[in-house]
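Undergrad: Sequences are here, hints too, so could you generate the full structure?
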Amino acid sequence: MSDNEHEIPVKVVDRRWWARGDDGAPAERSSKPTYIEELEQQLAEKDRLAKEYIAKYRQAASEFEESRLRLRREISKDIERGRREILADLLEVVDNLDRAVESSRQTASPDALLQGVELVRRQFLSKLEALGVKRIEVAGAEFDPVKHEAISTVPAATPADDGRVVGVVRHGYTIGEDVLRPASVAVAKA
Numbered sequence: 226m227s228d229n230e231h232e233i234p235v236k237v238v239d240r241r242w243w244a245r246g247d248d249g250a251p252a253e254r255s256s257k258p259t260y261i262e263e264l265e266q267q268l269a270e271k272d273r274l275a276k277e278y279i280a281k282y283r284q285a286a287s288e289f290e291e292s293r294l295r296l297r298r299e300i301s302k303d304i305e306r307g308r309r310e311i312l313a314d315l316l317e318v319v320d321n322l323d324r325a326v327e328s329s330r331q332t333a334s335p336d337a338l339l340q341g342v343e344l345v346r347r348q349f350l351s352k353l354e355a356l357g358v359k360r361i362e363v364a365g366a367e368f369d370p371v372k373h374e375a376i377s378t379v380p381a382a383t384p385a386d387d388g389r390v391v392g393v394v395r396h397g398y399t400i401g402e403d404v405l406r407p408a409s410v411a412v413a414k415a
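Start counting the sequence shown at 226; every next residue gets the next number (the working numbering).
I should point out that these hints are in silico values taken from the structure, not numbers from a laboratory. Check each hint, because a few of them may be wrong.
Said to hold, decoys possible - Ranges of calculated distance between the beta carbons of each label pair, as one might list FRET restraints:
1) ALA285 to ASP239: 43 to 53 Å
2) ASP403 to ALA364: 15 to 25 Å
3) LYS352 to GLU277: 37 to 47 Å
4) ASP403 to ARG297: 22 to 32 Å
5) PRO370 to ALA337: 38 to 48 Å
6) ILE400 to ARG293: 39 to 49 Å
7) GLN348 to ALA385: 54 to 64 Å
8) ARG309 to ILE279: 38 to 48 Å
Said to hold, decoys possible - Heads up, simulated DSBU-like pairs for lysine-lysine below, C-alpha to C-alpha not over 35 Å straight-line:
9) LYS257 to LYS236
10) LYS281 to LYS271
11) LYS281 to LYS302
12) LYS257 to LYS276
13) LYS257 to LYS271
14) LYS302 to LYS352
15) LYS359 to LYS372
16) LYS302 to LYS414
17) LYS372 to LYS352
18) LYS257 to LYS302
19) LYS359 to LYS276
20) LYS359 to LYS302
C-beta atoms are modelled at their ideal positions from N, C-alpha and C, and glycine is treated no differently.
TA: Okay, here's the thing in structure tokens:
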């Protein structure tokens with residue numbers, strides 16, 4: 226008798242619950258334990274979420290950069306537009322100076338030239354005032370190192386004049402609350 230003649234067929238049923246699929250059929254055999262497969266699935270999901278968040282971040286960063294560049298362009302256009310308006314206003318002053326010079330050539334009177342230049346000066350100061358630039362009033366004022374720049378001292382006529390501005394060499398100007406240019410002054414010293 227040979228071994229092949231009397232083989233009894235054996236059917237093995239795997240009753241382990243973790244080895245079966247959801248439908249009760251035996252699951253495909255894996256060389257890894259189930260908890261490792263679950264961890265790998267969780268890791269794959271986390272990787273997918275991370276890639277999604279990175280893509281969203283890059284898109285947001287790109288949109289932010291584009292809006293920042295667009296804002297810079299708009300601001301520079303606004304600055305240029307404002308600069309052009311100011312220069313156009315100042316060209317009116319130059320036109321009036323040209324008229325004053327032309328008028329002085331036609332008339333021999335120096336008074337006419339002086340009056341024309343004074344009118345243009347007033348116009349120019351009013352244009353500056355419209356832009357927020359004001360002249361610092363210094364006559365008889367107490368010396369203030371923020372608003373004044375002392376370029377010389379003179380003897381005080383009275384003790385009350387000590388530390389007061391007695392002469393203006395160059396006028397100073399403010400824009401709003403800030404000093405645009407300090408006034409160059411002579412100060413009395415006792």
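Undergrad: Now tell me if each hint is right for this structure.
TA: Verification of the supplied hints:
no., hint, verdict
1, ALA285 to ASP239: 43 to 53 Å, "holds, 52 Å"
2, ASP403 to ALA364: 15 to 25 Å, "holds, 22 Å"
3, LYS352 to GLU277: 37 to 47 Å, "violated, 59 Å"
4, ASP403 to ARG297: 22 to 32 Å, "holds, 25 Å"
5, PRO370 to ALA337: 38 to 48 Å, "holds, 42 Å"
6, ILE400 to ARG293: 39 to 49 Å, "violated, 29 Å"
7, GLN348 to ALA385: 54 to 64 Å, "violated, 38 Å"
8, ARG309 to ILE279: 38 to 48 Å, "holds, 45 Å"
9, LYS257 to LYS236, "holds, 25 Å"
10, LYS281 to LYS271, "holds, 15 Å"
11, LYS281 to LYS302, "holds, 31 Å"
12, LYS257 to LYS276, "holds, 26 Å"
13, LYS257 to LYS271, "holds, 20 Å"
14, LYS302 to LYS352, "holds, 23 Å"
15, LYS359 to LYS372, "holds, 12 Å"
16, LYS302 to LYS414, "violated, 51 Å"
17, LYS372 to LYS352, "holds, 22 Å"
18, LYS257 to LYS302, "violated, 65 Å"
19, LYS359 to LYS276, "violated, 60 Å"
20, LYS359 to LYS302, "holds, 27 Å"
In terms of the numbered hints stated before, the structure departs from hints 3, 6, 7, 16, 18 and 19, listed from lowest to highest.
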